[in-house]
Structures are given as C-alpha cells and as structure tokens.
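**Q** If you want the building blocks of each chain, they are given just below.
Number of protein chains: 4
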Amino acid sequence: MNQKLHTRNWRDKLHEIIYEADTPLGKFFDVILLILILLSIIFVMMESVKGLHEKTYQFLYYSEWIITIFFTFEYIARVISIKKPAKYIFSFYGIIDFVSTIPLYLSFFMVGSSALLTVRALRLLRIFRILKISRYIGESNKLAKAIKDSRAKILVFLFAVVVVCIIAGTLMYIIEGEESGFKSIPISVYWCIVTLTTVGYGDIAPVTPIGQLLAALIMIMGYGIIAVPTGIVSAEYAAGQKSAIVNVNSQACSNCNARKHQDGAKFCHNCGHTLFND
Amino acid sequence: MNQKLHTRNWRDKLHEIIYEADTPLGKFFDVILLILILLSIIFVMMESVKGLHEKTYQFLYYSEWIITIFFTFEYIARVISIKKPAKYIFSFYGIIDFVSTIPLYLSFFMVGSSALLTVRALRLLRIFRILKISRYIGESNKLAKAIKDSRAKILVFLFAVVVVCIIAGTLMYIIEGEESGFKSIPISVYWCIVTLTTVGYGDIAPVTPIGQLLAALIMIMGYGIIAVPTGIVSAEYAAGQKSAIVNVNSQACSNCNARKHQDGAKFCHNCGHTLFND
Amino acid sequence: MNQKLHTRNWRDKLHEIIYEADTPLGKFFDVILLILILLSIIFVMMESVKGLHEKTYQFLYYSEWIITIFFTFEYIARVISIKKPAKYIFSFYGIIDFVSTIPLYLSFFMVGSSALLTVRALRLLRIFRILKISRYIGESNKLAKAIKDSRAKILVFLFAVVVVCIIAGTLMYIIEGEESGFKSIPISVYWCIVTLTTVGYGDIAPVTPIGQLLAALIMIMGYGIIAVPTGIVSAEYAAGQKSAIVNVNSQACSNCNARKHQDGAKFCHNCGHTLFND
Amino acid sequence: MNQKLHTRNWRDKLHEIIYEADTPLGKFFDVILLILILLSIIFVMMESVKGLHEKTYQFLYYSEWIITIFFTFEYIARVISIKKPAKYIFSFYGIIDFVSTIPLYLSFFMVGSSALLTVRALRLLRIFRILKISRYIGESNKLAKAIKDSRAKILVFLFAVVVVCIIAGTLMYIIEGEESGFKSIPISVYWCIVTLTTVGYGDIAPVTPIGQLLAALIMIMGYGIIAVPTGIVSAEYAAGQKSAIVNVNSQACSNCNARKHQDGAKFCHNCGHTLFND
Numbered sequence: 001m002n003q004k005l006h007t008r009n010w011r012d013k014l015h016e017i018i019y020e021a022d023t024p025l026g027k028f029f030d031v032i033l034l035i036l037i038l039l040s041i042i043f044v045m046m047e048s049v050k051g052l053h054e055k056t057y058q059f060l061y062y063s064e065w066i067i068t069i070f071f072t073f074e075y076i077a078r079v080i081s082i083k084k085p086a087k088y089i090f091s092f093y094g095i096i097d098f099v100s101t102i103p104l105y106l107s108f109f110m111v112g113s114s115a116l117l118t119v120r121a122l123r124l125l126r127i128f129r130i131l132k133i134s135r136y137i138g139e140s141n142k143l144a145k146a147i148k149d150s151r152a153k154i155l156v157f158l159f160a161v162v163v164v165c166i167i168a169g170t171l172m173y174i175i176e177g178e179e180s181g182f183k184s185i186p187i188s189v190y191w192c193i194v195t196l197t198t199v200g201y202g203d204i205a206p207v208t209p210i211g212q213l214l215a216a217l218i219m220i221m222g223y224g225i226i227a228v229p230t231g232i233v234s235a236e237y238a239a240g241q242k243s244a245i246v247n248v249n250s251q252a253c254s255n256c257n258a259r260k261h262q263d264g265a266k267f268c269h270n271c272g273h274t275l276f277n278d
Numbered sequence: 001m002n003q004k005l006h007t008r009n010w011r012d013k014l015h016e017i018i019y020e021a022d023t024p025l026g027k028f029f030d031v032i033l034l035i036l037i038l039l040s041i042i043f044v045m046m047e048s049v050k051g052l053h054e055k056t057y058q059f060l061y062y063s064e065w066i067i068t069i070f071f072t073f074e075y076i077a078r079v080i081s082i083k084k085p086a087k088y089i090f091s092f093y094g095i096i097d098f099v100s101t102i103p104l105y106l107s108f109f110m111v112g113s114s115a116l117l118t119v120r121a122l123r124l125l126r127i128f129r130i131l132k133i134s135r136y137i138g139e140s141n142k143l144a145k146a147i148k149d150s151r152a153k154i155l156v157f158l159f160a161v162v163v164v165c166i167i168a169g170t171l172m173y174i175i176e177g178e179e180s181g182f183k184s185i186p187i188s189v190y191w192c193i194v195t196l197t198t199v200g201y202g203d204i205a206p207v208t209p210i211g212q213l214l215a216a217l218i219m220i221m222g223y224g225i226i227a228v229p230t231g232i233v234s235a236e237y238a239a240g241q242k243s244a245i246v247n248v249n250s251q252a253c254s255n256c257n258a259r260k261h262q263d264g265a266k267f268c269h270n271c272g273h274t275l276f277n278d
Numbered sequence: 001m002n003q004k005l006h007t008r009n010w011r012d013k014l015h016e017i018i019y020e021a022d023t024p025l026g027k028f029f030d031v032i033l034l035i036l037i038l039l040s041i042i043f044v045m046m047e048s049v050k051g052l053h054e055k056t057y058q059f060l061y062y063s064e065w066i067i068t069i070f071f072t073f074e075y076i077a078r079v080i081s082i083k084k085p086a087k088y089i090f091s092f093y094g095i096i097d098f099v100s101t102i103p104l105y106l107s108f109f110m111v112g113s114s115a116l117l118t119v120r121a122l123r124l125l126r127i128f129r130i131l132k133i134s135r136y137i138g139e140s141n142k143l144a145k146a147i148k149d150s151r152a153k154i155l156v157f158l159f160a161v162v163v164v165c166i167i168a169g170t171l172m173y174i175i176e177g178e179e180s181g182f183k184s185i186p187i188s189v190y191w192c193i194v195t196l197t198t199v200g201y202g203d204i205a206p207v208t209p210i211g212q213l214l215a216a217l218i219m220i221m222g223y224g225i226i227a228v229p230t231g232i233v234s235a236e237y238a239a240g241q242k243s244a245i246v247n248v249n250s251q252a253c254s255n256c257n258a259r260k261h262q263d264g265a266k267f268c269h270n271c272g273h274t275l276f277n278d
Numbered sequence: 001m002n003q004k005l006h007t008r009n010w011r012d013k014l015h016e017i018i019y020e021a022d023t024p025l026g027k028f029f030d031v032i033l034l035i036l037i038l039l040s041i042i043f044v045m046m047e048s049v050k051g052l053h054e055k056t057y058q059f060l061y062y063s064e065w066i067i068t069i070f071f072t073f074e075y076i077a078r079v080i081s082i083k084k085p086a087k088y089i090f091s092f093y094g095i096i097d098f099v100s101t102i103p104l105y106l107s108f109f110m111v112g113s114s115a116l117l118t119v120r121a122l123r124l125l126r127i128f129r130i131l132k133i134s135r136y137i138g139e140s141n142k143l144a145k146a147i148k149d150s151r152a153k154i155l156v157f158l159f160a161v162v163v164v165c166i167i168a169g170t171l172m173y174i175i176e177g178e179e180s181g182f183k184s185i186p187i188s189v190y191w192c193i194v195t196l197t198t199v200g201y202g203d204i205a206p207v208t209p210i211g212q213l214l215a216a217l218i219m220i221m222g223y224g225i226i227a228v229p230t231g232i233v234s235a236e237y238a239a240g241q242k243s244a245i246v247n248v249n250s251q252a253c254s255n256c257n258a259r260k261h262q263d264g265a266k267f268c269h270n271c272g273h274t275l276f277n278d
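Residue numbers (UniProt numbering), protein chains in the order written: chain G, 1 to 278; chain L, 1 to 278; chain V, 1 to 278; chain U, 1 to 278.
Some hints could be false.
As a list, the in silico DSSO-like pairs of lysine-lysine whose alpha-carbon atoms are at most 27 Å apart [as the list claims (entries may be wrong)]:
(1) K183(V) / K183(U)
(2) K83(L) / K13(L)
(3) K145(U) / K145(V)
(4) K145(G) / K145(L)
Far from chain V, some chain L residues (derived; all Cβ distances over 12 Å) [to be verified]:
(5) E47
(6) Y61
(7) Y62
(8) Y105
(9) R129
(10) Y173
Source of the hints: derived by calculation from the structure; they are not laboratory data.
From the three backbone atoms N, C-alpha and C, an ideal C-beta is built for every residue, glycine too.
The shape of chain G in the complex, shown without the other chains (with noise of 0.2 Å):
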C-alpha cells in the first residue's frame, strides 16, 4: 500500500507538472514547451521555401527530430500521469498533440510528395497548443467571452451579408457579362464578397458604367453596414465588463482532469475528487 501511495505521489507531481501552471515547476514546463511550439512553427513555415531550405536542410531536419522526440516523451508522459488516459486521449487537445506529433514518424512510410506535404503540415496544429496555455491570461478569456457571446448576432449578420452578396452578385453577372472576368454567378459572389468586406483585390473588377455604378453602391453598403457588428460587441463588451468574473485558476483534476477551478476550491467541481493544492 505504501508502495502504491508511492506511486501515486510520483504520477501526481508528473501530473502537476505537466497539467498545471500554479507551481514554479508548471510555469517552467510551461514557457519550455511555448518556445518549442514557437521554434517548431518557424521551423515548418521555413521548411516551405524554396531557396532557403537547400541550404537549411541539415539543420531543419535535425530540430523537427529534436522536437518531435521531446513531443513525444511529452505524449507519453501526459498519457501515464493521467487516471483515465481515455479521457486525455481522446479530448479535443489530446487529439491535437497526438495528430500533430507523428507526422515524422509517418514520413518513413510515405511516398509521394503531395500527400506527404499535407501530412507534414499537420504539425502546424501544434499551434493550437499555443491557445492551450494562453488559455490562462485573464485578457484572452474576456475577449473570448465577449466573442462568445456576441456569436449568434455576427452570425445571423454574416448571413444576412452573404445573401446580399448572392443577390447582387447574380445582378453582376448578369450586367457584366464573361468579358469582364464575372464568368459564372459563383466568381460574381466571391467578387462581391471582395468587394463588400472592402478587401478589393482587383484581380476582377466591373468596366461597365452600370456595372460601376452597382459596384460603388455595394461598396458604400459595405463601408456603412460595417457598423453593425462593431456595434453589438460595443454592447456585449460594455455589458460584460460590468458583470462580475469568477477567478478560475489552471488546476487541472488529477481524476477526471476538468480544469477552471475557482480559487480554494478544495474537491473537483466535476466527480468530487480531492484536489490537491501544494
């Protein structure tokens, strides 16, 4: 029975580590693996150039190696430390480390180039990671409730933004014709989206009078609707800084690993489990 306390203990204080950022130990896992992650973004965004990578190679390809292997110890460990490694396994995140970790190892069996190049990118989720431990900064959690919140209303907009889109692309179609570069009612729709949400390529653009004329009332739709988001987060904003936000910290349960305990909380709010607050 000692022996077993033993282990417990030892798989806790893994557990601690890796999980949470309330010890000096997690926030050094922590930052360790938010300059990986970085390092290893950089590492793939580079991989794709041309020039750079001939001369790169070496040195890339000994990282990714370097990375992977420690992403790997990281999998383990988070799988062992855990009561229900079902549940880690196949969370949101724990599928994200798992996919994003052997696309290296896959490369062996691999062959063909445009396949592979997709499989290689999938460590870019590793991204993901990034908002994982971001999760704790107290500025990204209003935002994200702020967003949150105001999703159905941007929502039922942004729908309300591309009927119009559909509607008075179809009208250009029909006005410009296929000599204008408007060559199926499709390409009119994804033009006027271009044009409404004001980011204007170029690559199409009406040359016909009336087809001007239609285009510079979409554009004036656009600078003056533009408003209407930015009003409802105005709101939803304003409203939730006036509502009282519950300290939540990163503990994670060390038995079912729910998270955003409030702070003191002694048992899980989840299966009741004993949290441990050393």
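On the provided structure of chain G, position chains L, V and U as indicated by the hints.
**A** Chains L, V and U in isolation, oriented as in the chain G frame:
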C-alpha cells in the same frame, strides 16, 4: 353547414402548416422548404459554371424540375388555404414566390439566350424566402430593429460621403487627367468611392505626386470617418438593448394573414378575427 | 411712405421665398432648386464622358444655358431681396453661388481647353448648395455635431497615423529599395498610407521577405488602431444623445441674414431686428 | 558664492526656455523647433526624390547644414543647462536628439551610398521630437491613455489574428499550391494577413474554386471580427471619460528633469527640489 365547417377546418389545417411555424408540422414544413431553397440556389449557381455545366447537366435539369414542381404545388396550396387569396398574391412575398417559380415554364416559350439568362436568374429570388423564414429568429429581429432605427442617420452619412466623392473625384479628374485612367468625372467619382470605402481595386491609381497626395488625404479621411456610422449604430443598439422587446410569434391570422401576434393573443390585432391556438 | 412700405413688403416676400423654407412657396422654391442643382451636376459629369459627349452635345448645351440663366436670375433675386447685399455677396455661399454661375459666361472669353476645363468644373461647386439645403434635416445636424465634437481628437489621431506612416515608409524605402517600386521616401510614405488605411491598391507591393514582414506588421497595426477613432466618436455621440437639442428653424433675418433662430423667437439673435413670422 | 548663484540663474533660465513650454519664451522656442523639424523632415523626404534632387540640390544642401548647426547648438544647450547631463544624454529623447543630429557630420567619414542612405535616413528620427512637443496637447494625452489601457487586450486580439492567419495561410498553401503565387507557407500567411485585414493588394489572389471559397470565408471573418478591438477601445475610452484627469504642466525640474508636475506644485514630485514658477 357541417360540410362547410369540415372544409374550413381542412383549409385552416393547411394554413397552419404553411403559414405558421409554431406547430411540429409547421416547423417540419419550414425546414423542408429551407433545404429545398438552399439546394435550388446552389443548383442555379452551379448551372452558370461553364465546365461543371456540361458534366452535371442531366442532374441539374431533373433536380430543377422536381424543385419547381414542389414550389408550384406549394404556391397553389398557399393561394387556396388563405381566405383572401388576393392579399397573398399581391403581397411582396406572394410576388417573389410567383416570379421565382415560373422561369422554368417560361423557358419553353422563350428563344434567345440573353433574355433567358435573366429570366432563369429570377429563380435566385427564392433567397428572399430564406429571409422570410429566418425572420422568426430573435437575433435577426433585434439586428433588423437596430439597422432600421439608425437607417435615417446612416443614409444622411452615406449621402455626405457621396457628395465628398463627387467633389474629390472632380478634383482628381482635373489633377490626374485622362492619361492616368481618370477618363471622365463619373469614372473619377467611382475611383474616389473605391478609395474612400478602403476597397482599393488598383485598376485606377494616381500617378502624379499631387494626385497621390490628394489620394492619401482621401484615404486618411475615409479611415477617420468610418467611425461615424459605427458610433451611430453602437449608440442606437445600446439604447435598443434597454427597451423592452415584446415577444411575438409566427402565427398568421387565417382571415387577413396579419402576423407578429403577441404570445397568448386570442384575436388578430389587425382584423379582430379569432386566432386558432392549437 | 406707403410706397416705401409696399416695396419693403415686396422685397420681404421675395426674401421669405428665397432664403427661408418654412412657407409652402419657400419649400417649393427649395425643391425646384434642389432638382436643378442635381440635374446640373449630372449634366456636368456627363459632359466629361467622351463617347456620350458627341451624341448628347446639343441637349447638354441647351440644358446648361437654361440652368445657368435660372441661377443668374436667382443670384440677382438673392442680392436685391436682402437689405445688406454685401453681407450675402461676400459670404461663403454667396461666393459659391457666384463662382458656380459664371463659368458658362466666361467660356466666351477664354481660349485653350485646359484652363477652360477647370473653369467649367467650377459649376460642380453647386453641390455645396445641396449641403446648404439639407442643413435643415435634423439628422444631419446631429451628425455634424458629433463630427464637430470629436474633430480635435480625430485630427490628433490622424496626425499620429501620418507620423507612423512617415517612419514606416522610410523604413520600407531602405528595406525594399527602388527596384520594388519604392522609388522615393514620399512614394513609400504614400504606399504606407494606402496600406495602413487598408485601401491596398497593389500598384506598389513589397517583394522582399523583410519588406513583407514589415508590411504585415503595418497591416495588423492598422487593423488594431482603426478602433481608436471609432471609440472616440461612439463615446462623443453617446454623450451628445443625452444633451438637449434646441429646435431651430430656417428663418433668416431680413436685415442681417442671420439664421438658426429658435422656434417662436420674435427678434433676430444677431442684430435685434424684428422677425416676420407669417 | 554670488558668482555661483548668478551662474545657476543663467543656467536655470536656459533650462526653462529649452525644457519647458509654460513661459512665452519657452513656447516661442518650441514653435521654432517644431517648424525646423517639419522643414527638416520635408527636406529629407525631398532629397530621396530622383528628378527633384538634381534641381534643388544646392538649396537642400545648405538648408540641411543650417538646420543641423541649429540642432547641434540646441543639443549642447540641453546638455549644459541640466544639472545631471547623463540623465538627459542616456534618456530616450537624448539619444534621439543625438542620433538625428550627427548624420551630416558622419557623411564626411563614410564612403558607399548604401550605408550612407541608412545613416542619412536617421535624420527622420527627428519626427519623434514632434511627439515630444505635442505631448502637451490634452487630446493626445487622453488618446494615449485610451490606447495604453486597451493595449494588452488589443495585443492578445492581434496575436489571435496572427494564429488564425498561420492556420488559414497553411491551408491556402496546400489548396492553391505554388502555381497560384502561394509559393511558401510564409508567403501564404502574408497573403492571409493582407486579406484578413481587408487591405487586399491583389498581387497574390486565389484561382481555384476551393481557394476562393476559403478566401471568402477569411474575408467574411475579417469583416466580422474587426468589431472586437473597436468594442474594446470604445468601452475603455467611455470608462476613461468618466475618471478624473489631473492637470499637469510641462515644467521640468532643473535638478532631475522630471516632468508632469501638477499645476501649482512647489516641489519636484521626484527629487523634492524647488520648482521655479516665474
């Protein structure tokens, strides 16, 4: 008389399914309608794509016939289930329903691809029917209200923007001249709208130093005044948030087809006819 | 004396029609004026279009003469109906009225198309007269107030934007060099304004990796700081909504031509002359 | 000792003129400085223009010498009039003043146009001195405060935007491939930033249907989330409006050069030295 009552009940039942979304059958009908409209819009858009058209011609042709026949039956059902058919037929949505259904029938009598193109595009008007269905979403009501309330101010603002564009466009026409692409005052005004709304196609761009200086001033101004409509909508929306919003449902009066009755209303607010709440 | 009184009454009547919009005749006069100004602006814009010009030359030529003669009579009526003509003649709108009326007369004495082009464009100054008429719309007063109140802050903000553009433009000039289209510091600053305001013509675009990185930073910054003027106007506008707005009418003093008298005022707030409320 | 007092008074006088803007002489000195800085910036920008350079070379050359000599004397005056020169010399503005003054002297010792170009551009750093002078404008203090308060949130937001751009850019790289101009992941991410911020150069644009669909989604998203920073600044600014703002003046302590003393303060808030209010 019993026979008459039976007929009325049968027509009331149909009326409830087609015109209202409060009963399970009514909701089911609306969802089927929504899916068919969306499919129909995607098919019309696909039809305009050149390469795709040849390959999937057969599929699109038969699909369009099935959808058109469904909409034809639906139109007839709408006309016979209402007490005063003229009220529906000459309403905005009645005309939309009619005009978006007939193009396929008209295509038998018309020759000449150009006119036919426009007629076939009329089927896209079905998109307005989505707006009719989505009208019941609470969020879109609030959004529509916010836009409606600030409409007058935004129109005055956009009018001022157009006046500024006419003055600045004329100046650019004089400064840049026809060699730089500023071929006429209307074209210059069009360019000015493209610039002020920050779309910026780049098909016309100033080349003289003075023209570029004026263009820079227009951009800076456009960047500064985009705040004005936003401020208006924000204020209107924040004010709208505070005012009480009466809950209305989608029930339509079987006598006059008036809608937006308050929850629990027993008589039509328009004609005083009894509302059937079953 | 009776004769003199009669004359004053006749001139007062004319003054009321031309300068005020509270009587039916005054409103009718304003509407006629508005239509003629709009027609006139459309004609001037059409005149600059090459192909159209040849075809509709005769029509535009005679229309312009009719409109110019109307504006000439209107100008004379404005001068004789006011007690102190100098006050009107040297006011902003007096100069606009004069300068926008004479171009057609001047075209007899001038030779050389380039100077003539500028002179003829002066007719477009009539657009300012629309602003004078639309001044009476309540919404535009509120809008003008909101812009006026936040003018100082927006100017300081735009000044800061220009300073940022000069620094970033110089950096881009050094990084990209003249081969990429960044030919001089002013051109680079112009490009930077085009980018920061999210217009993005694409006539000049960075091609070196470091240039593209800096450009991305400028864009991200532009995307982030566009919020600043919006926040200012929103706050000013919300504050302005609360303050009481005094109702003013369009009545002009027949002595000093001062306007914006409060409803029910009996004497001019500027010179103390009696106001005729009939 | 009397001699020493006299010296101190003479240096205090100079200190007041150069470092403060509360006395007429101090204000006059600031205005002269502002004009010279602006002229200097215009001259540096003109120098880079090719055609202009040859024509006005002589004028620009002598002007630059006059301005540089003035700034040299000003720098020396700033150093000798302060009690602890090291504090000024190694402050941000001290370094700016030094670095923006020496380029002309350095140009004697340097050969090679490329390095010289960068050194000469250092003179543009004088623009930061405008910010130092304009710091005393109340509006810019409020603006700076609003930006400062919402800085953390906007940075978190912009970081999230960059993460989204890396993910979407990689997707576009896989979808569009190198033939469409998406040559590498960094280039694709750059394109994605150009699109999301609604700049839209058009030098790179998607050509495949799936690429255009994804691009449309990115634009719609960019159009929707631009509301987020605006909502943040609006809320911060509105909150800032309510908080009391203490009036500070431009007086600088002659001992430690600390600034922003409250109106009517008699001793430096930093070192306790007497402030001379004459």
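**Q** Hints first: check each against the structure and report whether it holds.
**A** Consistency of the hints with the structure:
no. : hint              : verdict
1   : K183(V) / K183(U) : 26 Å, holds
2   : K83(L) / K13(L)   : 13 Å, holds
3   : K145(U) / K145(V) : 24 Å, holds
4   : K145(G) / K145(L) : 24 Å, holds
5   : E47               : 32 Å, holds
6   : Y61               : 41 Å, holds
7   : Y62               : 44 Å, holds
8   : Y105              : 40 Å, holds
9   : R129              : 33 Å, holds
10  : Y173              : 7 Å, violated
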